[in-house]
Amino acid sequence: MRLILARHGQSYGNVDPEKYKGVDAPLTPLGEGQADNLGKWLKRHHAEIDLILASPLKRALQTAQIVNQYLQLPLQIIEDLSEIPVYDLPRLDQRVHPAKPDLSRESAEDYRAYTQQSERVYNLLLGYLGREKPILVVSHGGAMGTLMRLILERHDIYFQTNNTGLNFLNWENGNWKFAGMNHLQHLTPEMIT
203 MRLILARHGQ SYGNVDPEKY KGVDAPLTPL GEGQADNLGK WLKRHHAEID LILASPLKRA
263 LQTAQIVNQY LQLPLQIIED LSEIPVYDLP RLDQRVHPAK PDLSRESAED YRAYTQQSER
323 VYNLLLGYLG REKPILVVSH GGAMGTLMRL ILERHDIYFQ TNNTGLNFLN WENGNWKFAG
383 MNHLQHLTPE MIT
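The numbering of the sequence shown is our numbering, which starts it at 203 and goes up by one.
It is worth saying that the hints were derived from the structure and are not from the lab. There may be inaccurate statements among the hints.
To be verified - Okay, derived cross-link-like pairs now, DSBU-like style, lysine-lysine, Cα gap no bigger than 30 Å in a straight line: (1) Lys379 <-> Lys335; (2) Lys260 <-> Lys335; (3) Lys245 <-> Lys223; (4) Lys260 <-> Lys221; (5) Lys223 <-> Lys260.
Given these sequences and hints, build the entire structure.
This is the structure in C-alpha cells:
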C-alpha cells in the first residue's frame with residue numbers, strides 16, 4: 203500500500219494567524235491555485251490513486267475538493283484528520299516526548315491527547331493495508347507530523363511540510379518506508395508557502 207499525505211493549500215489562517223485564531227479559515231486565492239496545481243500534478247503522476255481521505259476543516263476539505271475535480275474519486279471525511287486547535291499550538295513544546303512528562307506537563311497532556319487522535323487515524327489506515335492502489339490523505343501539518351512520528355516511534359522529531367507539500371509512505375514487508383518528504387514539484391517557486 204502507498205499513502206500520499208498532502209497538506210492543505212495556503213489558508214487565511216496561514217497569512218494572518220492572529221486575525222483567524224481559532225477560526226476554521228478557508229483557502230486564499232493562492233491556496234486555491236496550489237490545490238489546483240496539485241490536482242493536475244497528481245492526475246499526471248499518480249492517476250492510480252483511488253480514494254481520498256480528508257479532514258473536515260475548510261482549508262483541507264477545499265484542497266481535497268479542488269484536487270478531486272481532476273481525480274474524480276470517492277472522498278471520505280475523517281474527523282480525526284483535523285488539526286489540533288490553532289489556539290493550542292503555541293502551548294505544544296516540539297521537544298515534548300510522552301515518556302518524558304517533566305519537559306512540560308501541560309504540553310505533554312495536550313500532545314498525548316493529540317497523539318491519541320492520530321493513533322485512531324493510524325489504526326484506520328492500517329485497515330487499508332491490503333489495498334493495491336494508493337490513498338491520498340489531505341490534512342494538516344501538525345496532524346501529518348504526529349502521524350509520521352507515530353509511524354517512526356520518534357516523538358522528538360519535527361516535520362515541516364509546506365502548503366500542498368506531499369509526503370509519501372509505502373508499506374513494504376511489514377514496515378513503513380518513507381519514499382519522499384515535502385515534495386513540491388507541482389508548485390512554481392513563487393507559489394511555495
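Hint-by-hint comparison with the structure:
1. Note on lysine 379 and lysine 335: the hinted pairing holds, with a Cα-Cα distance of about 16 Å set against a maximum of 30 Å.
2. Taking the CA atoms of lysine 260 and lysine 335, the gap is near 26 Å; set against the 30 Å cutoff, the hint holds.
3. About 34 Å separates the Cα atoms of lysine 245 and lysine 223, which puts this hinted pair outside 30 Å; it is violated.
4. For the suggested pair lysine 260 and lysine 221, the alpha carbons sit about 16 Å apart, so the restraint of at most 30 Å is met.
5. As the CA atoms of lysine 223 and lysine 260 are separated by approximately 14 Å, the hinted pair is consistent with the 30 Å bound.
Comparing the model with each numbered hint stated earlier shows that hint 3 is the single one that does not hold.
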